[in-house]
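In this note's numbering, each residue's number is its place in the sequence shown (first place is 1) plus 852.
Because the hints were derived from the structure by calculation, they are not lab data. Idealized CB from N, CA, C, for every residue including glycine. Take the hints with a grain of salt, since some may be wrong.
To be verified - If you anchor each label on the Cβ, the simulated ranges turn out as follows:
| # | residue 1 | residue 2 | range |
| --- | --- | --- | --- |
| 1 | L1046 | F887 | 29 to 37 Å |
| 2 | E1116 | R1205 | 21 to 29 Å |
| 3 | I977 | I1126 | 45 to 53 Å |
| 4 | L1220 | K905 | 37 to 45 Å |
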Amino acid sequence: MELTILLILLTIFSVWIFIKRKKFSFHGKFPFVYFGMYRTNWGIKLMDVLVKKYPKLLKLSCSFAIITGFLGMILVSYDILKTIYKIIFVTKSVPTVGLVLPIKATGVFYVPLIYWIIVLAFLAIIHEFAHGVIARLYNVKIKSTGFAFLGILIPIIPAAFVEPDEKKLEKKTSKEQLSIFAAGPFINIVCGLLFMLLFFQVLTPLSAELYNYNGLEITGLFGGETPAKLAGLSVGEIIQEINGVKLETISDFKRIFEGKIEGEMLNLVTNNGIYEITLGNEGLLGVFVEENKNLINAVWYNQLLVWFKDLIYWMFILNLGVGLFNLIPIGPIDGGRMLHVVLQKILPHKHARRIWYSVSAVFLVSILGSVLVSFI
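Go ahead and model the full structure; you've got the sequences and the hints to work with.
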C-alpha cells in the first residue's frame, strides 16, 4: 500500500515538475541524473523580523552552534572511519551508514511513508531557515529560497535551500561564516533532543497501556554477512523470544543485547521458527526492528495519540541523524564548509585547499562504500 502511494505521489510530482520546468533550474544531465531547484522568496521577510527582534539571543546561539558543530563533526567522523575499518578488517561487521527511505529492504533504514514525508519536509525547512536567519544576522543577502530535489529520471530525494550571496559570505569573518554554516545542523540537533524528551518523558508513558504487544517485526536487514542474514532471518518476521525472554517492546530488545559480545549464542524464536545465532562484532545481530502491536481500544483519540507519538519518534531520530550527517567534513555540505573555513584561517590557501579536497574525498568514498556494502 505504501509503495503504491509513493509511486502515485512521485508521478504527480514528476508531472508537476514537467509542467513547471521553465521555472526550475536543472544541474547535471536532465532527465537522467540531475539536481533541480525551484527558486522563490518564501520566508525572507520572516528571517529579517527575527533578526531585528532577537539579535542578542541569536548571536549567543551562534557560539553554541559552532561548538556543537565541531563536537558533532569529531563524533560522526570517528564513527564513519571506525565503520570503514571494521568493514575492511573485521568479519561480520555491520555498516552504520545507509539510506533512509519509506521502503522495507536490505540496507535501508525504513521509515513509514507519511512520517517520511512530514519529517523530511520539517527538518529540511528548519535547517535551511536557520542558515538564512544567521546569514541575515550578519548582513549577508539572501538571493532566494525554495525547494530542490535529486532526480534519476524521476525526483527521488527532496530538499529545501536558502541561497545566500556567496561573494558577501566569503568576506565575512571566520566566526561569522562558521555561525552561518553551523546553524542548520544545530537547529536539527536541538529539535531532535527536544523531540526525544517529549517522546520518552511524555508520550511513551501516556500511551504505554494502550497496546497489546506481539513481538518485534524485522523491517530491514543490515548489509554484509551479518548474523541475521547468515541465520536466514527475513524482513517481515516477528521476533517473539530471545533466550527464553518474551519480547514486547524495543526496550526489551535493547536490554537483551546490553553487554553482548562477539561469539555469544542466541536462541531466537520468530513466527517462522527457531534460530540458533552467533552474534557478530560488538554483539550485533544486524536487523532493524519495530514494535508489532495493536490498540486495545481503537477509538479516535487513542489512534490520534499513537499517530502523534510515532511522528515525534521519527522527528527525534531523523532530526538528530540529519543534523549529525550534515557535519561530516565533505566539500559542499555544512561540515565540509566549516572545515574549509578553519583550514583557510590557519594554513596558506593552496595547502588548505589540498587538505580540504583530500579529507572530503576520504569521507565521500567511505560513505559511498558503507552504503554500497549495506545492500550486499
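Consistency of the hints with the structure:
no.	hint	verdict
1	L1046 x F887: 29 to 37 Å	holds (31 Å)
2	E1116 x R1205: 21 to 29 Å	violated (48 Å)
3	I977 x I1126: 45 to 53 Å	holds (47 Å)
4	L1220 x K905: 37 to 45 Å	holds (43 Å)
Hint check: a violation occurs at hint 2 only; the rest are consistent with the structure.
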